Amino acid sequence: MWNFPLHPPADTPLATRVDHLFYTWLGLAGVVTIAVFFLIVYFSVKYRHGSKADRAMPTGAELRRESHRIEFAWIATPLVIFLGMGFWAADLYYVHASPVANATEVYAVGKQWMWKIEHIGGQREIDELHVPAGRPIKLIMTSQDVIHSFFMPAFRIKQDVLPGRYTILWFTAEHPGDYHLFCTQYCGTDHARMIGHVVVMAPADFQKWLTGGNAQQSMAEEGAGRFRQYGCSGCHGANASVHAPKLEGLFGRRVQLSDGTSVIADERYIHDSVMLPRSQVVAGYAPIMPSFQGQIAEEDLLDIIEYIKSLRDANPGLVK
Amino acid sequence: MSTLMLPVRGNYLDEGFSLWSWLSSVDHKRIAILYTISITMFFFVGGVAASLIRLNLVTPTGDFVSAETYNKLFTMHGVIMVWFFLIPSIPSTLGNFLVPLMIGARDMAFPRLNLASWYLYIGGGLFTVGALIAGGVDTGWTFYTPYSTMFSNTHVIAAAAGVFIVGFSSILTGINFIVTIHKMRAPGMTWFRLPLFIWSMYATAIIFVLATPVLAMTLFLLAIERFAGVGVFDPALGGDPLLFQHLFWFYSHPAVYVMILPAMGVASEIITCFARKNVFAYRSMAFAVLAIAVIGFLVWGHHMFVAGTSVYSSIVFSILSFLVAIPSAIKVFNWTATLYKGSIHFEAPMLYLLGFVGLFTVGGMTGLFLASLALDVHLHDTYFVIAHFHYIMVGGSVMAFLGAIHFWWPKITGRMYSDRWARFAAIVVFIGFNLTFFPQFVLGYLGMPRRYHEYPPEFQVLNVLSSAGASVLAVGYLLPLLYLLWSLKYGPRATANPWGATGLEWQTSSPPPVDNFASIPIVTAPPYQYEPPEGPHPNPSAGQKGEGSEGAVGARDGLS
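Chains as they are written, first to last, in the working numbering: chain A, 1 to 320; chain B, 1 to 560.
Bear in mind the hints are in silico, worked out from the structure with no lab data behind them.
No experiment lies behind these values; they were computed from the predicted model shown.
Glycine included, every Cβ here is placed at the ideal spot set by N, Cα and C.
Errors might be hidden in some of the hints.
[What the hints assert, rightly or not] If the Cβ cut is set under 8 Å, some of the chain A residues that face chain B in the computed set are:
(1) Leu6
(2) Phe37
(3) Leu63
(4) Ser67
(5) Tyr93
(6) Tyr94
(7) Ile147
(8) Gly177
(9) Thr189
(10) Gln295
Let the sequences and hints guide you as you build the complete structure.
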């Protein structure tokens, strides 16, 4: 029974750096707290009512000068320490928020009360995330319903997962192992059961897992099917007669909108164009696209996004 | 200070004995009693919810209540403790009782408004208790959208309506405090002769008036989206899911300071009195509470470091959060320095407040961990946060509230309680509190998320420790209820100034006359007049000399 952990496993370079920050704070806070406790007890004993301790104090201007000196010291010292620690923490936060360019993308959809994961190759899993050790992984996450939060304590990272937006979480796990995955944003009745595992595998094992997985086709291929299934190709396809923006070469480019503004065509732009098409109409096109709100599941939409991404390098000349 | 004459009218408790004489009284002292009784009832309702939560968490599989019930329990615990206990606690009870007495006024500026604010409080409470009886609410006290607007099948609107209404009670109290402190100070009571408790009430009142309307608007928008399907927060309706969090924390973070600033005011009064030494750096203490109130409005984004806001806004909010910690640190250091070369007495109020300083220090230091961006990414929404804010709100605010009740109890009721029992209770609360909440820091760093009805088995030992502590804490909270009630009938009569404190409220009889002062005092000196500590000291439990005569009169007219 007494064999319980006091410290969580740390399995990424960032996790180790966060631990350094934590233990530095623990040391500083410990020193201050112990000093305050010690002084309270020491003064309480020494200057208890009736004790014979010397209570002579400076008076007048001397007292004021002395007080100001002390006050300045205990305002300036914490200020310098706080700001120093704050910049250290902000620097790590910046690392946490800036995925490396060559990271492998994995998609995640939160819904009451499960995590649906899809790899680029089309492998799907629920409440489990298999990743290779030593490779940077970038999760692109969204929610089907309420706000969730993707928390991996062993990596010291979490990120809220929002409906209607894509948020990012990236990490490089170092050692094979099985780690906790928690939902940390309260999301309803079975919030506490929206948990799972992150399985870090040796790269060779991971390759084996990928090929032995349940994938029939890659996400982009799956998305091409969805693109026809939901009727997108009727307007956006190569042979469409309707005047609709072409999607080849779209992803990552700047798009002019009819209200005069422009946006970068990222995951969120494509998502909004499908769910709320009237909100961002491409300049030169009529707002005739129907909304797919409530008709298309978030994970199907991710497939379509991945399909549109795969068209990134295809004949951009077709796109205005 | 000024000399006193015998009160012309009897004490406020003898002014009428019928229920109606209480429910229709516009006397600030009676309204304070109405508040004290009502918030105590809400405290124990919220406490029962907390006990059931801790009972459920004894096993990792959450066997005691279902997930639905558990979610409703922590929501009710949060809603009741935040809005119906902590926010009104010190301002509405002791603030109401003491603000006119401490500044030498006969009542608040708007006595009827004062009573109206109590009725609003009760009205809001009835809505919330109604929601509880009708089946509960499961959104958490934070009401995050779109869960609360589009997904929860519980009584969200009724609960939000209760909070909406009780907000107006806060606003009215705030207006009353601000006007009273500005306009009704006795002759000679300049701003820098105000007791620090008044400064903290003033800062609190500013937050009440500026922040609470934002809560009202936010809850109104929430109700519109839930009721009429107007898209404000739900992206499926074209809304913004983060907008609610911005608005909610713009109110709720300053509201945290509403909970702690009054406690700081109490600490300054009690520590200086029992150390028999003037509070260290009075002006810094006064400016610190104002600084906390002002900077407190600019740190709400630190609740949203992992919510999906921009990196740069997070960095700004992080720096501002460190800045708001500076005035809090100043206060802790100044209280400690006040003890230096004092002549320290250890009656129960002092024990509560020394406990307050220690626990507030731990709560404040762990707040710095959470203000550190990369650490917050790990700790956000884990038990570390739960432990941190309970150290502030329970270890800080509730300890100070209990200390304040003990300190001013003789003034309010005209009776002394058993100091021995009270000191015992203070120690039980301190031990129970630490046993309950310290293990939660460890749980949080291990990664246990908050609002979990069940949890991985490796977290069990720490959860059992925490639940065991909660039972000790419950005893600590029930004890004062018993011996304080007992003292109402059997306690010895209190003199006007049993602690030998300075301050105008101690110059009138215990309990005070209806009009507070026989004649309005004229103030000629700063609030703290503790004699140079080298000199001999009166024994405080024997009562202060000098005012003994009208103390005796007050006692004769006391509770019968």
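So, going through the hints one by one against the coordinates:
1. Leu6: For Leu6/A, the interface hint holds, since the closest Cβ of chain B sits about 6 Å away, which is under 8 Å.
2. Phe37: 6 Å, holds
3. Leu63: Violated. Min distance 10 Å.
4. Ser67: Status holds, d = 6 Å.
5. Tyr93: Since chain B brings a Cβ to about 3 Å from Tyr93/A, closer than 8 Å, the hint holds.
6. Tyr94: 6 Å, holds
7. Ile147: At 6 Å from the nearest chain B Cβ, Ile147/A passes the 8 Å test, so the hint holds.
8. Gly177: 15 Å, violated
9. Thr189: 5 Å, holds
10. Gln295: 12 Å, violated
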